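**Student:** Protein chains in written order, with my numbering: chain A, 1 to 122; chain B, 1 to 122; chain C, 1 to 122; chain D, 1 to 122; chain E, 1 to 122; chain F, 1 to 122.
Treat the hints with care, as some may be off.
Stated by the list, open to error - Cβ pair distances, simulated, as ranges:
hint, chain 1, residue 1, chain 2, residue 2, range
1, C, Arg122, E, Ser4, 31 to 41 Å
2, E, Leu76, A, Glu14, 47 to 57 Å
3, B, Arg122, A, Gly77, 48 to 58 Å
4, C, Glu14, B, Arg37, 33 to 43 Å
5, F, His113, E, Arg122, 48 to 58 Å
6, D, Glu7, E, Ser5, 15 to 25 Å
7, C, Arg37, F, Ile112, 47 to 57 Å
8, D, Ala8, B, Gly77, 52 to 62 Å
9, C, Arg37, B, Asp110, 31 to 41 Å
Claimed, not checked - Reference excerpt, derived from the structure (chain C facing chain D, CB under 8 Å, subset only):
hint, residue
10, Leu21
11, Asn25
12, Ser57
Derived by calculation from the structure, the hints in this document are not laboratory data. Keep in mind the model is a prediction, meaning the values are calculated, not measured. Where is the CB? At the ideal position from N, CA and C, for every residue including glycine.
Chain residues, written in single-letter form:
There are 6 protein chains.
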Amino acid sequence: LTDSSPEAFRAFREQMNQRILSTDNLVLKRFYNLDSRAYEAGALSEKTKELLGLMGSLVLRCDDCISYHVEQCSKLGTTEAEFFELLSLAHVVGGSIVIPHARRAVAFWDAIHQENITRNDR
Amino acid sequence: LTDSSPEAFRAFREQMNQRILSTDNLVLKRFYNLDSRAYEAGALSEKTKELLGLMGSLVLRCDDCISYHVEQCSKLGTTEAEFFELLSLAHVVGGSIVIPHARRAVAFWDAIHQENITRNDR
Amino acid sequence: LTDSSPEAFRAFREQMNQRILSTDNLVLKRFYNLDSRAYEAGALSEKTKELLGLMGSLVLRCDDCISYHVEQCSKLGTTEAEFFELLSLAHVVGGSIVIPHARRAVAFWDAIHQENITRNDR
Amino acid sequence: LTDSSPEAFRAFREQMNQRILSTDNLVLKRFYNLDSRAYEAGALSEKTKELLGLMGSLVLRCDDCISYHVEQCSKLGTTEAEFFELLSLAHVVGGSIVIPHARRAVAFWDAIHQENITRNDR
Amino acid sequence: LTDSSPEAFRAFREQMNQRILSTDNLVLKRFYNLDSRAYEAGALSEKTKELLGLMGSLVLRCDDCISYHVEQCSKLGTTEAEFFELLSLAHVVGGSIVIPHARRAVAFWDAIHQENITRNDR
Amino acid sequence: LTDSSPEAFRAFREQMNQRILSTDNLVLKRFYNLDSRAYEAGALSEKTKELLGLMGSLVLRCDDCISYHVEQCSKLGTTEAEFFELLSLAHVVGGSIVIPHARRAVAFWDAIHQENITRNDR
Numbered sequence: 001l002t003d004s005s006p007e008a009f010r011a012f013r014e015q016m017n018q019r020i021l022s023t024d025n026l027v028l029k030r031f032y033n034l035d036s037r038a039y040e041a042g043a044l045s046e047k048t049k050e051l052l053g054l055m056g057s058l059v060l061r062c063d064d065c066i067s068y069h070v071e072q073c074s075k076l077g078t079t080e081a082e083f084f085e086l087l088s089l090a091h092v093v094g095g096s097i098v099i100p101h102a103r104r105a106v107a108f109w110d111a112i113h114q115e116n117i118t119r120n121d122r
Numbered sequence: 001l002t003d004s005s006p007e008a009f010r011a012f013r014e015q016m017n018q019r020i021l022s023t024d025n026l027v028l029k030r031f032y033n034l035d036s037r038a039y040e041a042g043a044l045s046e047k048t049k050e051l052l053g054l055m056g057s058l059v060l061r062c063d064d065c066i067s068y069h070v071e072q073c074s075k076l077g078t079t080e081a082e083f084f085e086l087l088s089l090a091h092v093v094g095g096s097i098v099i100p101h102a103r104r105a106v107a108f109w110d111a112i113h114q115e116n117i118t119r120n121d122r
Numbered sequence: 001l002t003d004s005s006p007e008a009f010r011a012f013r014e015q016m017n018q019r020i021l022s023t024d025n026l027v028l029k030r031f032y033n034l035d036s037r038a039y040e041a042g043a044l045s046e047k048t049k050e051l052l053g054l055m056g057s058l059v060l061r062c063d064d065c066i067s068y069h070v071e072q073c074s075k076l077g078t079t080e081a082e083f084f085e086l087l088s089l090a091h092v093v094g095g096s097i098v099i100p101h102a103r104r105a106v107a108f109w110d111a112i113h114q115e116n117i118t119r120n121d122r
Numbered sequence: 001l002t003d004s005s006p007e008a009f010r011a012f013r014e015q016m017n018q019r020i021l022s023t024d025n026l027v028l029k030r031f032y033n034l035d036s037r038a039y040e041a042g043a044l045s046e047k048t049k050e051l052l053g054l055m056g057s058l059v060l061r062c063d064d065c066i067s068y069h070v071e072q073c074s075k076l077g078t079t080e081a082e083f084f085e086l087l088s089l090a091h092v093v094g095g096s097i098v099i100p101h102a103r104r105a106v107a108f109w110d111a112i113h114q115e116n117i118t119r120n121d122r
Numbered sequence: 001l002t003d004s005s006p007e008a009f010r011a012f013r014e015q016m017n018q019r020i021l022s023t024d025n026l027v028l029k030r031f032y033n034l035d036s037r038a039y040e041a042g043a044l045s046e047k048t049k050e051l052l053g054l055m056g057s058l059v060l061r062c063d064d065c066i067s068y069h070v071e072q073c074s075k076l077g078t079t080e081a082e083f084f085e086l087l088s089l090a091h092v093v094g095g096s097i098v099i100p101h102a103r104r105a106v107a108f109w110d111a112i113h114q115e116n117i118t119r120n121d122r
Numbered sequence: 001l002t003d004s005s006p007e008a009f010r011a012f013r014e015q016m017n018q019r020i021l022s023t024d025n026l027v028l029k030r031f032y033n034l035d036s037r038a039y040e041a042g043a044l045s046e047k048t049k050e051l052l053g054l055m056g057s058l059v060l061r062c063d064d065c066i067s068y069h070v071e072q073c074s075k076l077g078t079t080e081a082e083f084f085e086l087l088s089l090a091h092v093v094g095g096s097i098v099i100p101h102a103r104r105a106v107a108f109w110d111a112i113h114q115e116n117i118t119r120n121d122r
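Using the sequences and the hints given, assemble the complete structure.
**Tutor:** Next up, the structure:
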């Protein structure tokens with residue numbers, strides 16, 4: 001459960017989400033649904049919302065939430081300069097306790113960009 | 001230290017509790033003692049107290065505390081429907097940052113129920 | 001906004017909830033709706049769910065959430081012994097930083113019971 | 001210290017910042033300086049950074065930080081629809097414990113817009 | 001309940017502690033007792049322990065805990081330079097969300113020193 | 001990334017710090033710099049500051065921060081009795097959710113002392 005590669009992260013996430021949504025708990029189903037809808041484009045763009053999601057996850061220090069939003073931000077065209085500026089803001093707001101999570105966030109950012117390079121090389 | 005199976009969790013917990021209580025720090029000893037007494041049946045039943053302990057652990061996002069209370073709740077007869085209702089409440093109170101901890105909580109719940117099946121099959 | 005009497009708390013809460021729900025933000029409306037449904041009786045009773053809501057609010061140290069759940073718990077028949085047992089558990093789980101919130105929780109509990117006495121005296 | 005009007009908030013903030021920066025503590029001076037620089041336009045716009053600052057403040061439930069960023073967001077042209085979308089995202093990420101802070105955030109948003117109307121009416 | 005002067009803080013604290021300890025909840029009584037014993041001189045001096053208590057309270061952003069430990073630190077001879085160094089460390093560890101609490105901590109520090117001056121002038 | 005031995009911790013920390021500081025983000029560079037300066041001896045000694053850093057890390061439950069400060073405290077001559085007294089204070093302030101982090105803190109403390117014994121035995 002603790003392997004931190006992108007593949008392991010996605011596989012465990014997918015497996016447990018299915019397990020949780022296979023129960024008939026209506027509040028959980030609706031919460032998951034709301035969690036998706038909240039990031040859809042509206043007055044704020046999808047990219048801005050993912051940046052906000054990443055900011056919230058960083059200052060609350062939730063590694064899996066950070067990994068998820070790092071990948072979404074990257075898919076929506078966030079540049080490395082934008083990513084590191086957001087990280088710097090999270091350090092100022094949340095303090096040095098954000099540092100270990102930022103280390104893992106950067107490692108995850110690098111891992112998914114390495115995946116893309118490997119994929120394009122094929 | 002990071003193996004998340006129930007056996008590994010219990011073994012490390014037991015080993016370190018013994019190490020900590022082997023020192024002669026009176027405040028730590030009393031804190032551990034109080035941590036046990038607080039869950040004894042009183043005006044509230046033992047089961048209600050374990051549900052409260054699980055709720056507190058989920059919204060504070062403490063994985064090891066969650067694992068411990070998941071096992072206690074299960075031993076005291078908490079049904080899967082009750083467990084998922086408590087989880088749903090923790091999501092509403094604590095937000096989507098609870099989700100990764102809920103995934104691990106459900107994986108732990110499933111692991112200890114699998115242990116029981118394996119045990120009964122013998 | 002900071003007057004902590006039950007009347008002032010309820011009035012500001014009611015006024016701002018109406019203001020927030022008067023906007024056409026669908027995610028907010030659904031979140032508020034989910035926040036109500038999550039506490040409805042199911043596998044767990046309404047009272048157990050309010051106790052869980054109070055526990056979550058205490059360890060997360062959210063005074064207004066505490067006040068709300070203190071009132072709900074009281075309405076659903078929570079005794080003073082049960083209330084103080086839940087408080088004691090919140091201290092053990094969340095530590096001495098819970099104490100100032102517990103002081104205000106007890107003051108609020110006493111204030112709503114005083115309201116009931118005054119009402120019955122008329 | 002607890003009067004929550006925009007004027008009282010700004011006055012106490014200004015007075016105490018001066019008091020704190022009047023000491024010769026270099027780390028504090030640099031931290032305050034960094035806290036200003038982090039919000040300057042770079043790869044991300046000033047407005048996006050203030051939205052991120054507001055998101056961080058909401059999920060960490062820091063009322064004074066929220067008030068500050070609400071005012072900055074408003075000054076930088078954030079619309080009410082954008083503001084409420086950000087609020088809705090903060091509820092989903094941070095849970096119902098964000099609600100009381102959102103109530104005060106909306107009251108502060110309304111108060112500074114009322115100030116602007118009053119000012120323009122003169 | 002929200003008046004933030006040292007007198008009001010001490011009076012409410014005293015009144016509610018008596019109310020809470022007047023119940024016969026043994027876990028609460030023992031928790032309060034442990035909370036006193038933990039700060040007694042041992043391998044670490046009383047002053048170091050109060051500095052640690054203030055640090056914990058600042059990064060956990062508990063205003064009443066901060067006020068209490070500010071007064072204890074002051075009584076045990078903490079100088080203004082030491083106090084501001086501890087504050088600066090709390091900003092670095094806990095981030096800019098500590099700032100509003102630091103403002104109130106400094107206001108409280110100044111208020112109790114003003115009390116001492118007034119007392120000595122009599 | 002999750003191997004919790006002192007060597008693995010130091011290697012990943014060093015590698016990612018270099019990666020982060022290799023970008024030209026000025027705010028991050030200054031934050032890291034401030035994070036070092038804050039712990040330099042001043043009105044408070046270096047050792048007292050590391051104890052404060054460990055206290056902040058424990059109550060905020062940041063395992064990597066805890067490991068770092070445990071090692072610094074040990075290097076600066078913190079005795080086992082002082083270490084356990086600080087741990088006991090962190091339990092009282094932060095509650096039982098500190099326990100799992102304290103277990104890992106003690107395991108790390110023991111691991112670095114074992115390293116020293118092994119080194120001296122050569």
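**Student:** Each of the hints needs a verdict: does it hold here or not?
**Tutor:** Okay, the hints, checked on the actual structure:
1. Arg122(C) - Ser4(E): 31 to 41 Å: For Arg122(C) and Ser4(E) the Cβ distance comes to about 35 Å; the hint holds.
2. Leu76(E) - Glu14(A): 47 to 57 Å: Given range 47 to 57 Å: holds, Cβ gap about 55 Å.
3. Arg122(B) - Gly77(A): 48 to 58 Å: About 56 Å separates the Cβ atoms of Arg122(B) and Gly77(A), which means 48 to 58 Å holds.
4. Glu14(C) - Arg37(B): 33 to 43 Å: With a Cβ separation near 40 Å, Glu14(C) and Arg37(B) satisfy 33 to 43 Å, so the hint holds.
5. His113(F) - Arg122(E): 48 to 58 Å: 55 Å, holds
6. Glu7(D) - Ser5(E): 15 to 25 Å: Given range 15 to 25 Å: holds, Cβ gap about 21 Å.
7. Arg37(C) - Ile112(F): 47 to 57 Å: Once the Cβ atoms are compared, 50 Å apart, the range 47 to 57 Å for Ile112(F) and Arg37(C) holds.
8. Ala8(D) - Gly77(B): 52 to 62 Å: 53 Å, holds
9. Arg37(C) - Asp110(B): 31 to 41 Å: With a Cβ separation near 26 Å, Arg37(C) and Asp110(B) fall outside 31 to 41 Å, so the hint is violated.
10. Leu21: Hint violated; Leu21(C) Cβ to chain D Cβ min 11 Å, cut 8 Å.
11. Asn25: 4 Å, holds
12. Ser57: Holds, about 7 Å.
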